[in-house]
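Engineer: Residue numbers (the numbering used here), protein chains in the order written: chain A, 1 to 170; chain B, 1 to 170.
Since the hints were derived computationally from the structure, they do not count as laboratory data. Please note: incorrect hints may appear among the correct ones.
[Stated by the list, open to error] Quick look at which bits of chain B chain A covers, simulated, 3 or more residues with Cβ under 8 Å: (1) 19 to 30; (2) 40 to 53; (3) 80 to 93; (4) 131 to 137.
[Claimed, not checked] Calculated from the model, a selection of chain B residues having no Cβ within reach of chain A, i.e. all distances over 10 Å: (5) SER34; (6) ILE77; (7) LYS106; (8) ILE127; (9) TYR156.
All of these numbers come straight from a predicted model, not from anything done at the bench. Ideal Cβ placement from N, Cα and C applies to all residues, glycine included.
The residues making up each chain are set out below.
There are 2 protein chains.
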Amino acid sequence: MKKNVQYVGSYQKSAPMDFKWYVTGFVDGEGCFSVSFSMRAKLKTGIEVRPSFSVSQNRRSLAVLKDIQNYFKCGGIRYSKYDQTYKYEVRSIADLRKSVIPHFEKYQLQTSKAEDFVKFSWICDQISASRHLNNDVLAEIIEKAYSMNNLSKRKYTKEKLLKVAGKKKI
Amino acid sequence: MKKNVQYVGSYQKSAPMDFKWYVTGFVDGEGCFSVSFSMRAKLKTGIEVRPSFSVSQNRRSLAVLKDIQNYFKCGGIRYSKYDQTYKYEVRSIADLRKSVIPHFEKYQLQTSKAEDFVKFSWICDQISASRHLNNDVLAEIIEKAYSMNNLSKRKYTKEKLLKVAGKKKI
Chain A
1 MKKNVQYVGS
11 YQKSAPMDFK
21 WYVTGFVDGE
31 GCFSVSFSMR
41 AKLKTGIEVR
51 PSFSVSQNRR
61 SLAVLKDIQN
71 YFKCGGIRYS
81 KYDQTYKYEV
91 RSIADLRKSV
101 IPHFEKYQLQ
111 TSKAEDFVKF
121 SWICDQISAS
131 RHLNNDVLAE
141 IIEKAYSMNN
151 LSKRKYTKEK
161 LLKVAGKKKI
Chain B
1 MKKNVQYVGS
11 YQKSAPMDFK
21 WYVTGFVDGE
31 GCFSVSFSMR
41 AKLKTGIEVR
51 PSFSVSQNRR
61 SLAVLKDIQN
71 YFKCGGIRYS
81 KYDQTYKYEV
91 RSIADLRKSV
101 IPHFEKYQLQ
111 TSKAEDFVKF
121 SWICDQISAS
131 RHLNNDVLAE
141 IIEKAYSMNN
151 LSKRKYTKEK
161 LLKVAGKKKI
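If we strip away everything but chain A, and leave its shape as in the complex, we get (with noise of 0.2 Å):
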């Protein structure tokens, strides 16, 4: 955390961190869950679903990411030559449901990335239980998926991808 911030003519001391709102502020901000996916012939269901929640910040500000990484204790950060910002991201299901949406049941969003947030949880609950590997299932993740508010842009249109999982008998 930075700590050496020179607040010149300061009239009010500097409070204790309360770091868990913060994040959730923080994310409420800047933070982003999306989900994607990436057509995978080997795969039963013809599709591979990544869930991802990632914040990105600037250089100048990369200690953030790492004060938040810290917290979470998982996920990674890189560095983004197409926005030219360092990214921290959560990609493991494991990590996610263990770490990442605990924090955010307890600690609750409060702008409409809460919206995606309950969708978010919930597909990555589906792929814990291998439920994504159902063609119905894998319908509703893609529906959800693209109902989120992502503001990246898409590889695939939904009904590119609901055509695939719709085709493939499993």
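On the provided structure of chain A, position chain B as indicated by the hints.
Structural biologist: Same frame as chain A, now just chain B:
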């Protein structure tokens, strides 16, 4: 605050909210401290200095902006056609110095926005004490404002403002 989000399959009881640290996290993620300038021939220095603290959200998250407004007990919320978001904004120097600045002195920002905040707070102090009517202080305000990590478009170049600030003899 959003109270009726259903967490289906939740394992964690929700914790009582620490709104102060939530706000600091939220602003670290999404908030903005900025200082803009307008040419005003009638003013002594020819330049008006306008600090602004703001947070933007989409319509679905308007409730959080209202919570933040209630917390700071000042500022307004308006719809921005330009980027189709709602913006909570505080522009009054008195309100900034009474409510907003003391909050962030006590519940300190952790990202590079902390550096912007120190500059912002100093500029508000100068305006409050009418020191911005002095050419040299005004030039310093312009330099500091243009070194802040502001992503919005500037109406004037720094050089243009410094030229106007230097020309007018006060």
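Engineer: So, for every hint listed, does it hold in this structure?
Structural biologist: Checked hints:
Only residues whose C-beta sits within less than 8 Å of a C-beta in chain A count toward coverage, and the region 19 to 30 of chain B has 12 of them, enough to reach three; the restraint holds. For the region 40 to 53 of chain B, the proposed coverage by chain A is not satisfied: 0 residues have a C-beta within less than 8 Å of a C-beta in that chain, short of the threshold of three. With 0 residues bearing a CB less than 8 Å from a CB of chain A, the region 80 to 93 of chain B misses the requirement of three and the coverage assertion fails. Restraint check on the region 131 to 137 of chain B versus chain A: 0 residues with Cβ-Cβ distances below 8 Å, three needed, restraint violated.
Look at SER34 (chain B): its CB is around 16 Å from the nearest CB on chain A, clear of 10 Å, so calling it non-interface holds up. No beta-carbon of chain A comes within 10 Å of the beta-carbon of ILE77 (chain B); the shortest separation is about 14 Å. Under the 10 Å C-beta cut-off, the non-interface status given to LYS106 (chain B) relative to chain A is violated; the minimum distance is some 4 Å. No beta-carbon of chain A is positioned within 10 Å of the beta-carbon of ILE127 (chain B); the least distance is around 13 Å.
Once the 10 Å rule is applied to beta carbons, TYR156 (chain B) is consistent with being away from chain A; the minimum gap is 25 Å.
Hints 2, 3, 4 and 7 from the earlier list are contradicted by this structure; the remaining hints agree with it.
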